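Single-letter residue listing:
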Amino acid sequence: DGGITQSPKYLFRKEGQNVTLSCEQNLNHDAMYWYRQDPGQGLRLIYYSQIVNDFQKGDIAEGYSVSREKKESFPLTVTSAQKNPTAFYLCASSPTTHEQFFGPGTRLTVL
Amino acid sequence: DQQVKQNSPSLSVQEGRISILNCDYTNSMFDYFLWYKKYPAEGPTFLISISSIKDKNEDGRFTVFLNKSAKHLSLHIVPSQPGDSAVYFCAASLPYGKLTFGQGTILTVHP
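Heads up: the protein sequence lines correspond to chains A and B, in order.
Following the working numbering, the numbering of the first sequence begins with 852 at its first residue and continues without gaps.
Following the working numbering, the numbering of the second sequence begins with 718 at its first residue and continues without gaps.
There could be a bad hint or two in this list.
No more than 27 Å apart at the CA atoms, straight line, and that leaves these computed lysine-lysine pairs for DSS-like [what the hints assert, rightly or not]:
1) B:K754 x A:K908
2) B:K785 x A:K934
3) A:K860 x B:K771
4) B:K771 x B:K785
5) A:K865 x A:K908
These stretches of chain B come out as covered by chain A in the derived footprint (C-beta under 8 Å, 3 or more residues) [unchecked claim]:
6) 730 to 736
7) 759 to 772
Please keep in mind that the hints were generated in silico from the structure rather than gathered at the bench.
None of these values were measured; they are calculated from a predicted model.
Beta carbons: idealized from backbone N, C-alpha and C, even for Gly.
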């Protein structure tokens, strides 16, 4: 059945290490997005991609990188340059310019 | 610069009564507004939306009202049920699809 999957659900990282979060969708959506959520705050856009091989920075892109080599996949790398990476990360995809559909999220904790 | 604001961090309502969640925005270029519901450690699920050319949209127990002159939208849930207890996010979309989220309101519906 169709949907958005994110893996792993929980991820632990040592300071100074890069880590890659997976996001896959089989909904045939063109656009994909990465958000981060911190306690008591809304979702903040990290990166988005409206088509394969193209992506744009969101509001808080510093310390993150992405790739979009396939329509179904939009992995996010949290680099050691991200000063405060502990957060809940959400991936979304969209068939239109408005409604976005979210995956279950990945909780990243830096030890 | 918070372009979308939900000024009430929490709302408590009795089962069967009406829940009213509010959202204010500052950018008059937003052309589409959405409400999402989120449970802890899960991704948000799309609830209801409204285009800026309308002032009301209904879907079952959920109604969204848009007051463009006041740059204000609200979500009404009637009747409220304990299963509605969750965090509710409003989001606003620019014409090219990027969503801006409010901080969220925690709704608790008491039996």
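Taking the hints in turn, this is what the structure says about them:
no. : hint            : verdict
1   : B:K754 x A:K908 : 26 Å, holds
2   : B:K785 x A:K934 : 39 Å, violated
3   : A:K860 x B:K771 : 39 Å, violated
4   : B:K771 x B:K785 : 9 Å, holds
5   : A:K865 x A:K908 : 25 Å, holds
6   : 730 to 736      : violated (count 0)
7   : 759 to 772      : holds (count 6)
Checked against the numbered hints listed earlier, the structure breaks hints 2, 3 and 6; every other hint is satisfied.
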